[in-house]
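*Asks:* Produce the complete structure using the sequences and hints provided.
In the order they appear, the protein sequences are chains B and C.
First residue of the first sequence: 1, per my numbering; consecutive thereafter.
First residue of the second sequence: 275, per my numbering; consecutive thereafter.
All the given hints hold, so there is nothing to weed out.
Straight-line Cα separation of at most 25 Å, DSS-like style, residue types lysine-lysine; simulated pairs:
(1) C:K379 <-> B:K273
(2) C:K421 <-> C:K407
(3) C:K424 <-> B:K181
(4) C:K374 <-> B:K158
(5) C:K358 <-> B:K158
(6) C:K285 <-> C:K516
(7) C:K396 <-> B:K158
(8) B:K271 <-> C:K424
(9) B:K181 <-> C:K379
(10) B:K181 <-> C:K374
(11) C:K424 <-> C:K374
(12) C:K379 <-> B:K144
(13) B:K89 <-> C:K292
(14) C:K292 <-> B:K158
(15) B:K158 <-> C:K379
(16) C:K508 <-> C:K338
(17) C:K421 <-> B:K273
(18) B:K158 <-> C:K338
(19) B:K271 <-> C:K379
(20) C:K338 <-> B:K89
(21) B:K273 <-> C:K424
(22) B:K92 <-> C:K292
Keep in mind that the hints were calculated from the coordinates and are not lab data.
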Amino acid sequence: MFKNLKENFVYLIFKIILILFLLLSISFFLYIGFKGYKDIFNLSFFSNKNLIYSLISTIQIIILSLGIACPIGIFAGIYFSEYADNNNKIIKFFRLCIQILNGIPSIVLGLFGLAFFVFALGFKQSLLSASLTLSIMILPLIIKTTEESFRTIPNALKEASLALGATETETVFRVLLPYAKQGIFTGIILCIGRVISESAILILTAGGSLSILSRFFSNNYPYILADSGRSLALHLYYQKFSYNQTESAFTTALILLSLILLLNSIVILIKSKK
Amino acid sequence: MNKNINKISIKDLYCYYKSFLAIENVNINVPKNKITAFIGPSGCGKSTVLRSINRMNDLVLGSKINGEISINFNNEICNVYESKVDVTQLRKRVGMVFQKPNPFKMSIYDNVAYGPRLFGFKRKQELNETVEKSLRNAALWNEVKDKLHKSSAFELSGGQQQRLCIARALAVNPEILLMDEPCSSLDPLATVKIEDLLIQLKEELTVVIVTHNMQQASRISDMTAVFWVKEENKAGELIEYKSTVDIFSRPQDPRTEGYITGRFG
Chain B
1 MFKNLKENFV
11 YLIFKIILIL
21 FLLLSISFFL
31 YIGFKGYKDI
41 FNLSFFSNKN
51 LIYSLISTIQ
61 IIILSLGIAC
71 PIGIFAGIYF
81 SEYADNNNKI
91 IKFFRLCIQI
101 LNGIPSIVLG
111 LFGLAFFVFA
121 LGFKQSLLSA
131 SLTLSIMILP
141 LIIKTTEESF
151 RTIPNALKEA
161 SLALGATETE
171 TVFRVLLPYA
181 KQGIFTGIIL
191 CIGRVISESA
201 ILILTAGGSL
211 SILSRFFSNN
221 YPYILADSGR
231 SLALHLYYQK
241 FSYNQTESAF
251 TTALILLSLI
261 LLLNSIVILI
271 KSKK
Chain C
275 MNKNINKISI
285 KDLYCYYKSF
295 LAIENVNINV
305 PKNKITAFIG
315 PSGCGKSTVL
325 RSINRMNDLV
335 LGSKINGEIS
345 INFNNEICNV
355 YESKVDVTQL
365 RKRVGMVFQK
375 PNPFKMSIYD
385 NVAYGPRLFG
395 FKRKQELNET
405 VEKSLRNAAL
415 WNEVKDKLHK
425 SSAFELSGGQ
435 QQRLCIARAL
445 AVNPEILLMD
455 EPCSSLDPLA
465 TVKIEDLLIQ
475 LKEELTVVIV
485 THNMQQASRI
495 SDMTAVFWVK
505 EENKAGELIE
515 YKSTVDIFSR
525 PQDPRTEGYI
535 TGRFG
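*Replies:* Next comes the structure, spelled out in structure tokens:
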């Protein structure tokens, strides 16, 4: 009797904590939504060039950084899981490097991007510099998810293919990759989420200065990656800290939040399809 | 067809996993168009011997082979561990079926066509014929002919999956089929089907089968090799190799007798 009582008490505590947490997160969403929705339903939203421009730049940044990081990351992941000899010292060293790279705070990466891409290579503060720095940020994640999705494939499949006379490479691309596809795709979507929500790197490497804004209004759109620009997250930062437009900052925040929610729903959808 | 041709000859085979000696001094001649069974208690190295024939042991990190395995391909002797041997060609001619059915996540048709496609079969007509022939040889055609492209291989039952794996192995026209306990995860009815199938298949190819099932060995095999774990170093060794009838009616080694009568092992 007494034992049951104790059990029930523990359950109750867990329930309360869970409900509190749920309430907190729901009220957070509601708060952002309440603060930001007005401008979205307002017609001026579509004439709000700053916002549309930031959205386009965000997409440009996503495409470029993934375009750089995905091929490198996926091939590196395949190499680490299928070809590399895990006892080799150089391989061990590379693994360590990737692990460290994954742990570097993004502001440090941003500083590196500023020194290397912006100044040393002379790309200036631009979408290009930002995308290059961001691709360094997401590279370890892509390598890791690729490697892990390859490792979860039962060895029996690899053996079946090799026993039929397939080479290692034929096995990787014809049998293993179709299995790993889902996991790799999930990793890529998570990377998109990280690129969208990243701010520190963009503050240091993307620019997004006022002079660009004046060009921006003269219809001289910085569509080109070599131009300075801002992603949504960076837009939010400038809205608040340079112009103190708290209300429009919340609109940006709502859009950011919706994008992240959308991406996470896609991930959940992919995982449930297994 | 000469009945006394040795398809596979294994001479003084030693196999190591890192420093561990897994099998010691194994000598076997596997006759052509016969079923040869490898039996023995767990850990006696029978699977290791089997997997060294098509060099699947190469995939295990730290494995090392000493000795000689030669296969007679149309009177052309091929020494399996010579450096000039193309492993993919070897594995094409020496097919393998594993303990657990391991179909690919593709349609039934694509599973069977996987091997032929690797080796450059492109014309649809040819491919269709090969797939049908292989599935017929694996006694699966009638059960799956209506859903070749529609169904994923995973929708089949365990026994059907294993026959699909046999069909997949047959599709590249092997001369030898190595089977590593192919019935251990199947129910008795599915097992009977596979056993019947093997007896038909030996008309065309040479079968080597590892099994834990004594009745299975006595039912289907022509030759039986009994392996045992050596007491001193835990290495596997061959203790008796004779025709199946002799092994089961006049076992020479007391360990063989004990094992086949179920006293130990």
